[in-house]
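Kindly generate the complete structure, drawing on both the sequences and the hints.
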Amino acid sequence: MSLCSGTAVITDCLVVCVTGECEPTMATTDDTNGVNNGIDNTYGDDNGLRSASVTTSGGNKRDVTTQLIHRCADHHNSTAIKRAKLGNACVATTAQLSTPCACTASQSRAVSSDAIQRSTQTEDIVCDMDLTNSNCNSIANNKHTNSHPCDGGDNGLDSWLKTFYNWSHNERIQALDSLVSSDICEVQQIRHLLTLIEPQLQRDFISLLPKELALYVLSFLDPKDLLRAAQTCRYWRILCEDNLMWRDKCREERLLEDNETIVDLFKRRLSGSLERRRSSLLRCSTPTSPPHSNSCSPKMSPSSPVSPTPTFIRSEYKIAFLRQKTIEYNWRYGVLSTEKESATTSGRSRLLKEILYLKGHDDHVITCLQFNPASNLIVSGSDDNTLKVWSSESGRCLRTLSGHTGGVWSSQLSPHDIIISGSTDRTLKVWSALDGKCLHTLYGHTSTVRCMALHEDQVVSGSRDATLRVWDIETGECCHVLVGHVAAVRCVQFNGKLCVSGAYDYLVKVWDVVSETCLHTLEGHTNRVYSLQFDGQHIVSGSLDTSIRVWSATAGTLKHTLIGHQSLTSGMQLRGHTLVSGNADSTVKVWDINTGQCLQTLSGPNKHQSAVTCLQFNSRFVITSSDDGTVKLWDLRTGEFIRNLVSLSSGGSGGVVWRIRASNTKLVCAVGSRNGTEETKLLVLDFDVVDNKYIKYDETDSMFDMESEFDANRDNLILL
Amino acid sequence: MNGEYSLDTTEGMAASGDPPTNNAVDDYDAEEALERQREEENKIKIKLKSFEGGVYECGLTAAKMSVMVANMLDALQETDLTKIATREPIPLQNDAVTNKALEKIVEWVDHHWDDPPIDPDFDDEKERRNEELSHWDKQFIDIADQGELFDIIAAANFMDIKGLVEVGAKHICNKIKGKSCTEVREMLKIHNDFTPEEEAAIHKENEWIYAKD
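Top to bottom, those sequences are chains W and S. Take the first sequence: its letters are residues 1 to 720, numbered as in our numbering. Take the second sequence: its letters are residues 1 to 213, numbered as in our numbering.
Treat the hints as calculated values from the structure; they're not laboratory data. Among the clues, some could well be false.
[To be verified] Here are the simulated DSSO-like cross-link-like pairs (lysine-lysine), alpha carbons at most 30 angstroms apart as the crow flies:
| no. | chain 1 | residue 1 | chain 2 | residue 2 |
| --- | --- | --- | --- | --- |
| 1 | W | Lys224 | S | Lys162 |
| 2 | S | Lys100 | S | Lys47 |
| 3 | S | Lys47 | S | Lys138 |
| 4 | S | Lys83 | S | Lys100 |
| 5 | S | Lys83 | S | Lys47 |
| 6 | S | Lys45 | S | Lys100 |
| 7 | S | Lys138 | W | Lys224 |
| 8 | S | Lys175 | W | Lys224 |
| 9 | S | Lys49 | S | Lys138 |
| 10 | S | Lys175 | S | Lys204 |
| 11 | S | Lys177 | S | Lys204 |
| 12 | S | Lys204 | W | Lys224 |
| 13 | S | Lys138 | S | Lys100 |
| 14 | W | Lys497 | W | Lys607 |
| 15 | S | Lys138 | S | Lys43 |
| 16 | S | Lys162 | S | Lys49 |
| 17 | S | Lys189 | S | Lys177 |
| 18 | S | Lys189 | W | Lys224 |
| 19 | S | Lys204 | W | Lys353 |
| 20 | S | Lys204 | S | Lys162 |
| 21 | W | Lys224 | S | Lys177 |
| 22 | W | Lys224 | S | Lys179 |
| 23 | S | Lys47 | S | Lys162 |
| 24 | W | Lys353 | W | Lys224 |
[Said to hold, decoys possible] Simulated coverage check for chain S against chain W, where a stretch passes if three residues somewhere in it have a Cβ under 8 angstroms from a Cβ of chain W:
| no. | stretch |
| --- | --- |
| 25 | 141 to 153 |
| 26 | 166 to 175 |
| 27 | 179 to 186 |
Even for Gly, the Cβ is constructed at its ideal location relative to N, Cα and C.
Encoded structure:
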């Protein structure tokens with residue numbers, strides 16, 4: 001029969017060559033010598049194969065050598081090898097034609113005790129040993145049960161193979177050369193040959209490399225690719241969970257810089273209830289054995305009994321990272337309950353917790369708003385002479401603080417939930433938010449208390465009486481009076497030592513509180529100063545003259561004048577050298593105070609339609625509120641509009657957003673109207689992770705057995 | 001490069017308040033002398049012996065890119081460096097150091113020996129990670145035989161050649177990046193040992209990665 005009688009035959013021949021069907025005598029030989037001969041012969045096959053591969057792929061790899069040896073052995077002695085307790089990693093696959101079974105190369109690699117046995121000689125010996133140890137009977141059995149290549153052969157393939165088998169090494173190479181390079185094989189068949197050979201050259205680097213090196217390799221992946229890689233196989237998943245690696249990712253994402261974020265993300269740990277975990281955090285994911293010495297080789301059988309697998313330990317930093325990503329995702333895309341209808345149509349949208357509506361203060365204006373995310377307390381002050389304390393979790397009004405005889409126009413909330421309020425009744429009051437008791441009433445100002453700044457136990461208040469007073473909120477004493485402004489003090493900042501005040505006399509003053517002296521008077525604004533930021537070094541002042549000025553606090557000199565706004569700068573926030581300013585001209589600008597450059601203007605088709613009332617930003621987002629009844633979310637870096645977080649139906653017809661306060665996960669808005677179109681209330685939007693259902697599969701499977709500690713906390717430090 | 005050095009030294013000098021010209025020249029000369037010494041040393045050829053027994057010649061400065069080799073040479077306490085050339089080949093006792101791997105490693109260090117040192121205070125780790133490989137390195141490391149590539153990385157790690165390990169790591173990561181896990185499994189012949197339920201759970205956990213930023 002002609003060799004080229006059909007493409008199928010040729011393909012089959014090639015399959016047989018590659019999969020090691022080349023030594024009929026071996027199967028008929030019952031002694032070890034014969035087996036060794038078989039191996040020697042196999043060598044020849046392999047070299048022949050190499051030659052074939054050289055011709056086809058243009059560059060062959062020595063791997064084939066080592067792999068074929070095992071394969072040949074497996075092919076004829078798979079039963080024996082299994083009995084010789086080496087075969088548990090082998091999954092026999094029926095090769096074409098009469099080949100009873102053939103292990104793939106990587107399986108045979110798994111057979112050898114060390115997955116990185118690479119020396120040809122070594123493998124040869126291993127193989128030799130396998131066969132020597134193997135039961136001769138089973139070889140004999142093989143002889144009887146397996147059809148011999150020479151037995152059947154209805155199309156001449158077997159005799160063709162036998163001829164090939166009987167050739168010397170050089171003859172085989174020549175034969176393969178001519179087979180591949182002549183016109184006998186069609187491209188299609190050569191390609192088939194290539195697909196048989198190519199997989200033998202592939203390696204699962206990650207599993208084979210020593211763990212530290214594998215981690216080093218993986219550290220070059222960005223978080224997304226890392227998570228994708230974790231879905232590849234179990235061992236990769238273990239590696240991709242490395243806590244130190246994720247700590248680096250957290251650091252790179254700057255999650256470890258923002259105090260609030262850290263507190264949010266590591267609430268559990270910071271609470272100190274889990275000391276045990278803290279210590280385990282340091283060496284979170286050390287496997288019990290080096291990766292290359294056990295079951296982690298790339299192609300082990302899933303059912304094979306494996307040597308101790310490295311344990312899967314959840315990385316706390318990864319959890320934090322993912323949680324933060326989810327929160328960010330929620331801010332951007334999370335579906336608020338008012339949009340439920342549209343949510344059901346798009347599959348991947350996340351439904352957020354219901355928006356809370358906190359109604360109070362009747363139809364009065366909410367003038368000031370404070371939020372302590374740590375204690376979940378919200379404090380609203382109103383011109384109805386009261387303040388109200390709310391739970392940001394339940395939305396209930398916990399206390400109403402009554403006592404002022406005039407409208408409340410300024411307030412502060414300490415980390416320990418002490419409230420200080422300033423009123424048109426010329427007093428300040430110190431309250432305990434928890435029991436609603438008024439601890440002190442601070443008398444001294446002769447006109448409305450319009451602004452205040454709290455630092456530890458001291459609060460500085462600025463008044464329409466043109467003075468500032470420094471109070472001790474523990475004792476209720478007035479410690480210092482700062483006199484110098486000639487008009488109402490509108491804004492104040494205080495760092496414990498220095499106090500900065502802005503007033504309607506167009507001046508900004510820097511005070512040394514203890515000596516009650518004015519260190520600098522910053523002249524330059526040509527109209528009333530309404531807003532201030534102070535970080536200890538820089539002072540930023542916003543004025544009705546439309547400019548924003550950046551001053552040096554120590555030298556008392558002007559550094560930059562930020563020009564661009566067209567009206568009153570009502571609110572600002574400074575974070576590092578990034579300043580965000582909200583203006584009555586309905587735009588928001590992002591500045592670099594080091595260079596004085598305007599980096600972004602938050603405007604465009606989705607811009608606010610009316611004066612900006614309040615703003616807040618973090619490393620990613622800017623949140624702005626406006627008299628147009630909306631709260632908008634922007635991308636800090638690009639300046640792009642992301643979406644409306646709140647959009648009052650009464651917007652444009654009277655409904656306004658007066659104040660906003662945001663934490664990493666929550667947004668509190670004070671809304672209402674002056675004309676009755678919108679009832680006065682607070683809105684609490686929660687962007688935290690809500691779906692805390694995760695699946696437990698197998699109690700014994702640590703990989704999916706989320707630590708019960710996480711279970712225990714309803715309040716959740718959860719995965720998604 | 002020399003220009004940069006002289007610039008740096010000028011700045012440092014200004015801070016210390018010394019007269020500019022002489023000092024800058026001195027520092028410049030010191031730099032240059034060091035360069036020259038490295039150049040001279042690299043003309044001395046030493047022999048490295050692979051695990052398989054193959055012996056490869058390599059410039060001394062280049063060979064010292066391997067911290068392990070550098071330490072071994074230091075341990076010899078040889079003052080006359082030229083004598084090192086006549087010594088027995090340095091054996092590299094790790095089975096990853098095959099003939100082929102060592103040949104490639106020698107090729108790499110011979111090309112990179114006069115690279116400026118990696119700045120340990122590199123500001124942004126992330127930036128360094130994302131820095132692209134040079135064209136030469138890309139070609140060097142683009143090896144079809146993954147067994148060989150594996151050996152080179154493992155051997156470079158064993159020999160402690162940080163730069164080359166990084167090249168290997170970046171290369172592998174470039175291959176993994178942006179690929180689905182099915183594609184990665186296919187590429188590296190990895191058996192998927194997750195149950196469908198487990199796979200679904202992980203997928204859910206990582207849901208955000210499928211959202212656009």
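Consistency of the hints with the structure:
no.: 1; hint: W/Lys224 x S/Lys162; result: holds (25 angstroms)
no.: 2; hint: S/Lys100 x S/Lys47; result: holds (15 angstroms)
no.: 3; hint: S/Lys47 x S/Lys138; result: holds (27 angstroms)
no.: 4; hint: S/Lys83 x S/Lys100; result: holds (27 angstroms)
no.: 5; hint: S/Lys83 x S/Lys47; result: holds (12 angstroms)
no.: 6; hint: S/Lys45 x S/Lys100; result: holds (19 angstroms)
no.: 7; hint: S/Lys138 x W/Lys224; result: holds (24 angstroms)
no.: 8; hint: S/Lys175 x W/Lys224; result: holds (14 angstroms)
no.: 9; hint: S/Lys49 x S/Lys138; result: holds (26 angstroms)
no.: 10; hint: S/Lys175 x S/Lys204; result: holds (24 angstroms)
no.: 11; hint: S/Lys177 x S/Lys204; result: holds (20 angstroms)
no.: 12; hint: S/Lys204 x W/Lys224; result: holds (14 angstroms)
no.: 13; hint: S/Lys138 x S/Lys100; result: holds (18 angstroms)
no.: 14; hint: W/Lys497 x W/Lys607; result: violated (39 angstroms)
no.: 15; hint: S/Lys138 x S/Lys43; result: holds (27 angstroms)
no.: 16; hint: S/Lys162 x S/Lys49; result: holds (20 angstroms)
no.: 17; hint: S/Lys189 x S/Lys177; result: holds (16 angstroms)
no.: 18; hint: S/Lys189 x W/Lys224; result: holds (21 angstroms)
no.: 19; hint: S/Lys204 x W/Lys353; result: holds (19 angstroms)
no.: 20; hint: S/Lys204 x S/Lys162; result: violated (37 angstroms)
no.: 21; hint: W/Lys224 x S/Lys177; result: holds (9 angstroms)
no.: 22; hint: W/Lys224 x S/Lys179; result: holds (11 angstroms)
no.: 23; hint: S/Lys47 x S/Lys162; result: holds (21 angstroms)
no.: 24; hint: W/Lys353 x W/Lys224; result: holds (26 angstroms)
no.: 25; hint: 141 to 153; result: holds (count 9)
no.: 26; hint: 166 to 175; result: holds (count 5)
no.: 27; hint: 179 to 186; result: holds (count 5)
Of the hints listed earlier, those the structure fails to meet are numbers 14, 20, in rising order.
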